[in-house]
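*Asks:* Listed here are the chains, written in short residue letters.
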Amino acid sequence: MRAPIFWLIAVVVGAAFVVASRILIANEYFYFAGYVVLEYIVLSTAWNILGGYTGYTNFGTGAFFASGAYSSAVLHKLPTLLHSSFGWTIPGIPLPVMILVAGIVSGAMGFGTGYLTLRLRGVFFAIATLAFTIVVQTLIVNWDFVGGSRGIYIIRPALSPLGGGYIQYLFTLMVILVVISVGIARAIEHSRFGIGLASIRDDELAAEASGVPTLRLKLVATTLSGALMGMAGAPLPYYVTYLDPTSSFNLSYAVNSVAMPVIGGMTSWIGPVIGSILLGTIQQLATVTISSALNLLIVGVLLILFVIIAPNGIVGLVQSWRRKREA
Amino acid sequence: MAEAETLLDVKGLSKRFGGFVALDGIDLSIAKGERLGLIGPNGSGKSTLVNCLTGTLQNETGTILFQGKTLNGLIAHERTRMGLARSFQLPKPFHSMSLIDNLRVPMLYTVNARPQHHLTDATIAERCERLLRDVNLADKARRRPRDLTQVEMRKLELARAVATEPTLLFADEAMAGLSHSEVEEILAVLFRLNEEGLTIVLIEHIMSAVMSFSTRLVVLVAGHKIADGPPQEAIRNPEVERAYLGE
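So the sequence lines, in the order shown, correspond to chains D and R.
First residue of the first sequence? That's 1 in our numbering, and the numbers climb one at a time after it.
First residue of the second sequence? That's 1 in our numbering, and the numbers climb one at a time after it.
Bear in mind the hints are in silico, worked out from the structure with no lab data behind them.
Keep in mind that a hint or two might mislead.
Here are some, though not all, of the chain R residues that point toward chain D, as calculated from beta-carbon distances under 10 Å [to be verified]:
hint: 1; residue: A76
hint: 2; residue: T110
hint: 3; residue: A113
hint: 4; residue: L245
Each residue gets a CB set at the ideal place from its N, CA and C atoms; glycine is no exception.
So here's chain R without its partners, still in its complex pose (with noise of 0.2 Å):
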């Protein structure tokens, strides 16, 4: 692979809860246009590291640049306007609205939110409409989040992160407990996506997923990372094993 432009660099970031260090000097690079698979034992710092890098935490130490400019001290909703999106582990739907008002809200606050950019309400509309399309969810547009299934919640999950414009996406289990058709589902819409340049941080338990879609594989344990390179290779390294695995 070519040299790609970077486009986060975090340097020796630390997030400990009180006693417990969470994440303990994580280094990672990610290029545009990356499909990166984050994974890692349960409770080995995967989602604090979402949570971190996207303002949900603060980091105490260490330092993120999102192309070129430092992220410490922002919290959330800035670093979304900035391009860093994110779909919760638990699907967060709006309840009380329409799936359709539910990609309003990014679109309303993040995409309108950016300088050069103001979407009249037609625009919006219809951005919302090709999305909702994108993830087969069109024909429910007026209903309300609790019509849907598991795998629909999901994929509205994913298409509200999708709605803020982002150009670097951390997926935090979006397919968690779906089945392997629904799995294939959303992995289309991750690779399409990508192909539109968005760039990808997948975290996943399910292998088989991640190391189809991956280019690139991480991976933390218990607050460290252990490895970082090409999928095959990654899993292959013994600290890897033994992680997974045991002695």
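Next comes chain D alone, as it looks inside the complex (with noise of 0.2 Å):
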């Protein structure tokens, strides 16, 4: 399929999702429980262009999701800042204004750790990244402006830009978002930097032997990666009107976004897509009717399972499937 083909079929898509759940459902805890699987995709598909794609495993999803998040609560208090300390009034910053800025931020970021970290290879880049979370969480935890450990309260405005509640808004944002991800990730994907990313994570001496400038191709996808993260994390503090260090830069955030794509399939950008609505779903569904507790054993009893039986996914399943009936 051609590229600007599928981007229209990803439009349409998400556009029928968004009318006809409007029309269909009633019911406002749909969207918030929408929310939250729509947002594993986002954060899934940014996730693999770094670890699928590139073969970098990235245990700091937290941080960049994170940061994406605390940009829109620092924006969401500039207004009132700028009016007390230099008497000057500008109105309130839109979302999806706030969404871009947390893309630079965290896009910024994700170069950032990519340039300091990228030398690094296999376990250790991951690690790595699971110390930049913390790093980042502590500076957060110690920036009295956002509220430092104690957390910052954010009202949720009355009214949605587009009509129907504010969780209706952010859930449309959320899809708009959806359809962004997957559809960079796909083009990547068939590109001649997705063949170089490739190329990366099977071999990088090989890679550079051929040419590819790995070093640069692998900062242009940390900070895709990053970007990304960022942008799903902005519409975070209207969605949960509480923000605070421990549950945004939570490491559940890291866990799912690495257990996704891999239960997924994270060789095309339709595993990400799949291991999110089937783990995010599960997820949300054990939380209502068994207990909030149980999502992460769900998770770990899941990955397990698939690094065991099927280490390429649901994807894997299905091509080798197909493979064996065609022979």
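Both chains come to you apart, so use the hints to assemble them.
*Replies:* Take a look at the structure:
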């Protein structure tokens, strides 16, 4: 399928999904739960650009995600701050702008960490990203303007710019982010850039010897991956209305964004989408019906099962089943 | 042999790993169109020399001139784009890709990255297929490297290096562990490439192959160049005999 056609289909599917849910579903809880699943599609798709395509395991999803959330919190407080310190009056900053800013902030962070850590390989890179999360969290905990360890209350606007409740507005924005991130992931997969990333994943020395500028490509991948994670985090303050370091830097973001592509399949854009929908929905159902503490247990068990039984994820299972049928 | 244009000019190249001196003041000049054999006992610094010349490692001292331009400080992919290619001693195929895609990587990132070159997808596909035919792997174009035998893997490694359309090729032990007829097969490929104008440095342990291939032989022992000249003369050099056979 050609890229413009795929984009068109993705946009149409996204729009249809939003419209259909607005017409068919009145229960607000659907949007609360659906938002989380969509958020995970963005996070795991972003993770997969670096983890799946390039072969660098990032355990720092929480850092990029929370940076996006906190950049929104800063922008939320900015008009009040400017008014009280300088007497300037500016209108409230709209959420789409906050998402863009969060993308720039987290993208820059991705570039920075990439530059510092990409000389590390394998497990050392993973450890560095884990440590990076702790560094960023410590900075936020000690930053009083955004509430420090106490956290910060964000009052959700009563009205949505698109009509309907504000949660439906957040839901719609997240659908748009899903369309953008999945579109980007698929475009990468079939591009010169994507084949370059795959050569890095397979053998970095051989990639260099074949003329692939490995450092530059990896930096683009970390920047893009970080930016998308930050954009997924930007609406979080308005979703939770109370933002604190412990929950926004929660390890579950890192674990889930690794587990979902692994379970779905890491070599193709559809893998993380399948993984997040499956795992995200199971988690939401379990939270309501059994207990909220059971979430990570489910992830853990499924992750172990898949690593042992189907290391190439659901996509890998389907591919090998097809190959067997053809043979 | 008439004095040909110098392609690569190395002066005083040294490389150390901690306290260990792997290469010590190597001078080496390679002329265009040459078939140079590079031999030496295990650990003598052959692969380190190739790594320093192709940018996998950076040398501490010495200068490297390639077609009159200095290579010092350039990283591997920049040197590849300038026309320096290498195959690896242990084949390093791109496991997740088909053979044809293995060759597409250097085409896309080296040939297409050069000024005044922009190959269309069709031209790239055609050139990759031709390369695979040249090394008798055409019927496995859609297969993955894990389906290949040792000799096929080495041919793929060589083809991927050649896919960068280089001026100078370092073939690092392209024949280790192969049978006599397989060695002949690889040699035939190398001879043909040389006839087409490619300058080749062959790093090899199989003496019969080196002797029949090389127009000149360079011998490294413990990081020093101890002989450089016509193959028959070089191996009769007393120092070379001592290094290989002992006192």
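*Asks:* Confirm or reject each hint.
*Replies:* Taking the hints in turn, this is what the structure says about them:
A hinted interface residue such as R:A76 counts as satisfied when its beta carbon comes closer than 10 Å to some beta carbon of chain D; here the least separation is about 4 Å, so the hint holds. A least Cβ separation of about 3 Å between R:T110 and chain D falls short of the 10 Å threshold, and the interface hint therefore holds. With a cut of 10 Å, the hint placing R:A113 at the interface with chain D holds, because the nearest CB-to-CB distance is about 6 Å. Here the hint on R:L245 is broken, as its CB sits about 34 Å from the closest CB of chain D, past 10 Å.
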